[in-house]
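Using the hints provided, position chain D relative to the given structure of chain B.
Protein chains: 2
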Amino acid sequence: MNPTPGPGARLVEIPAFDCRHLLELAQIARVAWNGPRGVAVVPVNYTIADGAMWFRTTPYSQLARECGGQWITVEVDGLDLEGGAGWSTVVRGVAEILDGNDVPEHLADFQVWPAGPRPLFVRVEPVELTGRKLLPPPVET
Amino acid sequence: MNPTPGPGARLVEIPAFDCRHLLELAQIARVAWNGPRGVAVVPVNYTIADGAMWFRTTPYSQLARECGGQWITVEVDGLDLEGGAGWSTVVRGVAEILDGNDVPEHLADFQVWPAGPRPLFVRVEPVELTGRKLLPPPVET
Chain B
1 MNPTPGPGAR
11 LVEIPAFDCR
21 HLLELAQIAR
31 VAWNGPRGVA
41 VVPVNYTIAD
51 GAMWFRTTPY
61 SQLARECGGQ
71 WITVEVDGLD
81 LEGGAGWSTV
91 VRGVAEILDG
101 NDVPEHLADF
111 QVWPAGPRPL
121 FVRVEPVELT
131 GRKLLPPPVE
141 T
Chain D
1 MNPTPGPGAR
11 LVEIPAFDCR
21 HLLELAQIAR
31 VAWNGPRGVA
41 VVPVNYTIAD
51 GAMWFRTTPY
61 SQLARECGGQ
71 WITVEVDGLD
81 LEGGAGWSTV
91 VRGVAEILDG
101 NDVPEHLADF
111 QVWPAGPRPL
121 FVRVEPVELT
131 GRKLLPPPVE
141 T
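Quick mapping for you: the protein sequence lines, in order, are chains B and D.
The opening residue of the first sequence carries number 1 in UniProt numbering; numbering runs sequentially from there.
The opening residue of the second sequence carries number 1 in UniProt numbering; numbering runs sequentially from there.
Excised from the complex, chain B in its bound form:
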């Protein structure tokens, strides 16, 4: 069994306005899509710029091969493992694959953790932006 620190928290929806802010607080998103062998989930570095979420990838990646022009679902979260709480936001939109020469110049600074060239960019303009968080339980009176 894994440890289970949470005393019991309440799950509430996060307004889209606040979800946008939360996206500034993390570095890794999990990109999910319905691929030829079922639903795939891949963690990636991301950045937010010019009204969209951006990833970098290679032409050989599953992301590049399967996602262009497809709907993707992107999950970002922040967990408080000791407190048993956290937030999660989900972005949905259509993935657009762009060559590095075709993206705004300031995106050249966007670095990702894996080594090697990442000549392609994936751009997702959020069509849906939702989130929910676990609040601490109300104080008993």
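These are computed hints drawn from the structure, not numbers from a lab.
Just so it is clear, the structure is predicted and the values come from calculations on it, not from any experiment.
Treat the hints with care, since some could be wrong.
One side only, chain B facing chain D, incomplete, derived with CB under 7 Å [unchecked claim]: (1) ALA9; (2) ARG10; (3) ASP18; (4) HIS21; (5) LEU22; (6) ARG30; (7) ALA32; (8) ALA64; (9) TRP71; (10) ASP77; (11) VAL90; (12) PRO114; (13) PRO136.
Quick look at which bits of chain D chain B covers, simulated, 3 or more residues with Cβ under 8 Å [stated by the list, open to error]: (14) 21-30; (15) 55-64; (16) 76-87; (17) 106-116.
For every residue, glycine included, the Cβ atom is placed at its ideal position computed from N, Cα and C.
Below, chain D without anything else, positioned relative to chain B:
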């Protein structure tokens, strides 16, 4: 722009044998499936027992309403945000929804972060178990 601490790491596959061990190290999984409104991704507490991955839920949850008998993809990861590295494992299998009265007795101890009764269990026997990790870059000579 989000911080980008990684100096450039190598992405390698993790053997299934090692993925099984990594699943003991985390508390939260992201469950993804192809639902009626596209691919959904929901973070949940999980435990490993009796050859399967288990979640708890309510009858009203999206998970309970959409996943019974369906293939789901479950992602678990461990991130080293300062080092720009990490691992990710993905379990795929068919979600089986069980009443709390029909699960092994020792699973009654499995607590989740959200408050309130969670009378249903979701059981996923891994049909596929894959993973990958980012290794530090090789030392230059």
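Comparing the hints with the structure gives:
1. A distance limit of 7 Å between C-beta atoms decides the matter here; for ALA9 (chain B) the minimum to chain D is near 5 Å, and the interface restraint holds.
2. Here the hint on ARG10 (chain B) is kept, as its CB sits about 6 Å from the closest CB of chain D, short of 7 Å.
3. The interface hint given for ASP18 (chain B) is violated, since its Cβ lies 17 Å from the closest Cβ of chain D, which is over the 7 Å cut-off.
4. Hint on HIS21 (chain B) is violated. Least Cβ distance to chain D is approximately 13 Å, over the 7 Å limit.
5. At a threshold of 7 Å, the smallest CB-CB gap from LEU22 (chain B) to chain D is about 12 Å, leaving the interface hint violated.
6. Taking 7 Å as the C-beta cut-off, the interface hint given for ARG30 (chain B) holds, the closest approach to chain D being about 5 Å.
7. At its closest, the beta carbon of ALA32 (chain B) sits 4 Å from a beta carbon of chain D; the interface hint therefore holds under the 7 Å criterion.
8. Because the smallest distance between the Cβ of ALA64 (chain B) and any Cβ of chain D comes to about 14 Å, over 7 Å, the interface hint for this residue is violated.
9. Among the interface hints, the one on TRP71 (chain B) holds; its C-beta lies about 5 Å from the nearest C-beta in chain D, closer than the 7 Å criterion.
10. Restraint check, ASP77 (chain B) versus chain D: the minimum CB separation of about 6 Å is within 7 Å; hint holds.
11. For the restraint placing VAL90 (chain B) at the interface with chain D, the shortest Cβ-Cβ distance is roughly 6 Å, inside the 7 Å limit, so the hint holds.
12. Look at PRO114 (chain B): its Cβ gets to within about 5 Å of chain D, closer than 7 Å, so that hint holds up.
13. Checking PRO136 (chain B) against chain D by beta carbon gives a least distance of about 10 Å; that is not within 7 Å, so the hint is violated.
14. Chain B is given as covering the stretch 21-30 of chain D, and this holds because 5 residues of the stretch bring a CB closer than 8 Å to a CB of that chain, at least three being needed.
15. As drawn, the stretch 55-64 of chain D meets chain B at 0 residues by the rule of a beta-carbon pair under 8 Å; below three, the given contact is violated.
16. Given a C-beta distance limit of less than 8 Å, the hint that chain B covers the stretch 76-87 of chain D holds, as 6 residues qualify and 3 suffice.
17. For the stretch 106-116 of chain D, the assignment as covered by chain B holds, since 8 residues bring a beta-carbon within under 8 Å of that chain's beta-carbons and 3 suffice.
In this structure, the earlier hints numbered 3, 4, 5, 8, 13 and 15 are contradicted, and the remaining ones agree with it.
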